[in-house]
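Those protein sequences? They're chains A and B, same order as listed.
Residue numbering for the first sequence follows the numbering used here, beginning at -15 and increasing consecutively.
Residue numbering for the second sequence follows the numbering used here, beginning at 16 and increasing consecutively.
If you are wondering where the hints come from, they were derived from the structure by calculation, not from laboratory data.
Treat the numbers as computed from the prediction; the structure is a model and nothing was measured.
Some clues are possibly wrong.
[As the list claims (entries may be wrong)] List time: in silico SDA-like cross-link candidates among lysine to any residue, alpha-carbon distance up to 20 Å:
1. B:K166 with A:S60
2. B:K166 with A:L57
3. B:K166 with B:V122
4. B:K166 with B:P127
5. B:K166 with A:L59
[Said to hold, decoys possible] Example chain B residues on the side facing chain A (calculated, C-beta under 7 Å, incomplete):
6. S71
7. V95
8. L98
9. P144
10. F148
11. S152
[Unchecked claim] Counterexamples of contact, computed for chain B against chain A with all Cβ distances above 10 Å:
12. R23
13. R178
14. I189
15. A212
Glycine included, each C-beta is placed from N, C-alpha and C at the ideal position.
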Amino acid sequence: METMTVLQWLLDGMLVLALVWLAWRALSSPDLFTAIVLFIAFGLMMALAWVRLQAPDIALAEAAIGAGLTGALLLSALARSNDLADRINDDQIVDTEKK
Amino acid sequence: MSVTDRSRLALVFRRVLMLLLLGLAGGLAYAVLSLPDQAVGLSDRVRANMETSGVSNPVTAVLLNFRGYDTLLEMAVLLVALLGVWSLGSAAVYRRSNPEPVLLSLVGVLVPMLLLMAGYLLWVGADAPGGAFQAGSVLAAAGILMLLACKRPPVQLLGWSLRLVLVLGLGAFIAVGVSLLSASGMFLQYPPGLAGALILFIEAAATLSIGVTLAALFLGGRLDPDA
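With the rest of the complex left out, here is chain A (with noise of 0.2 Å):
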């Protein structure tokens, strides 16, 4: 029992660094793509830490709408302002070799 109780709070312990470490790497990673995979890993991470406090719903969701929804939203998002800021800039190189 006791070496049960030191495992659990061993996990704990370590989840809770994760998910501030995690965090903190995603709100301050200069790159988008990176910020966005860690925000995944975070995601993943919260799940577990909804299982230890046994909401296994919200585990559930956390991990489908929170990890998988969110960061494919985000991806497709990021592809989507890459192509805008591609074509703005082509427009500008045609504008410069008018001129």
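For chain A, the structure is supplied; the task is to place chain B on it using the hints.
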């Protein structure tokens, strides 16, 4: 305004922001620390009324029965979010690249499994963790995989049938609520004998709507059948 003035202003702004955030953190810490040790909460009342709810999973009982109105509004929020995205313009038809064979075979394996899993989550929600939102998001994941593999739905389905599926969940919820209102005079007050069947009906419709709505959000624009 000179450059030094501007950077000084930014510094002052950052300090004020830091103070405000520290105040917020302190307030939150105080609120958490001053919580009563043994909160009574509503779990006892939920447990006492479980027999009338029609399901045996307390979370589903609260979401679909005791606080069904909240879930109804959540469905409306999801629909409004999609309408907001659609009002921005139509989905760009771009990158019709040939998907790699690895992705194609993965989609072939994963999509049927995801569909099965969505059905399981929907069914099991009555007496174990699961339910419409989880099942719907798994369904949406299958849809997004199909879209990534360039497997677009046939054009004939993008018109009214798509819109019908999108409002199906909210429509079923409201239809059940209104018919109960006219039958018993209470909005969304399920009779205990019918509660299980009604919840399953609403959840099935909601799962379809949530799945299609989330997949449509991924496309990021209106789907025009003639585009």
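Quick rundown of the hints versus the structure:
Of the pairs offered as hints, the one joining K166 of chain B and S60 of chain A holds, with about 17 Å between alpha carbons and a cut-off of 20 Å not exceeded. A C-alpha spacing of about 18 Å is found between K166 of chain B and L57 of chain A, which places the hinted pair at or below 20 Å, so the restraint holds. Using a Cα cut-off of 20 Å, the hinted pair K166 of chain B and V122 of chain B holds, with the two alpha carbons roughly 10 Å apart. Of the supplied pair hints, the one linking K166 of chain B and P127 of chain B holds, its CA atoms being roughly 14 Å apart against a limit of 20 Å.
Of the supplied pair hints, the one linking K166 of chain B and L59 of chain A holds, its CA atoms being roughly 19 Å apart against a limit of 20 Å. Hint status for S71 of chain B: violated, given a least beta-carbon distance of 14 Å to chain A, over 7 Å. Checking V95 of chain B against chain A: minimum C-beta separation of about 16 Å lies over 7 Å; hint violated. With a least beta-carbon distance of about 16 Å to chain A, the hint placing L98 of chain B at the interface is violated under the 7 Å criterion.
At its closest, the beta carbon of P144 of chain B sits 4 Å from a beta carbon of chain A; the interface hint therefore holds under the 7 Å criterion. For F148 of chain B, the suggested interface contact is upheld, since its CB lies about 6 Å from the closest CB of chain A, less than 7 Å. For the restraint placing S152 of chain B at the interface with chain A, the shortest Cβ-Cβ distance is roughly 4 Å, inside the 7 Å limit, so the hint holds. Remark: the non-interface label on R23 of chain B is consistent with the geometry, its nearest Cβ contact in chain A lying 24 Å away (cut-off 10 Å).
No beta-carbon of chain A is positioned within 10 Å of the beta-carbon of R178 of chain B; the least distance is around 21 Å. With a cut of 10 Å on Cβ distances, I189 of chain B stays outside the contact zone with chain A, its closest approach being about 23 Å. For A212 of chain B, the shortest C-beta to C-beta distance to chain A comes to about 22 Å, beyond the 10 Å cut-off, and the non-interface label holds.
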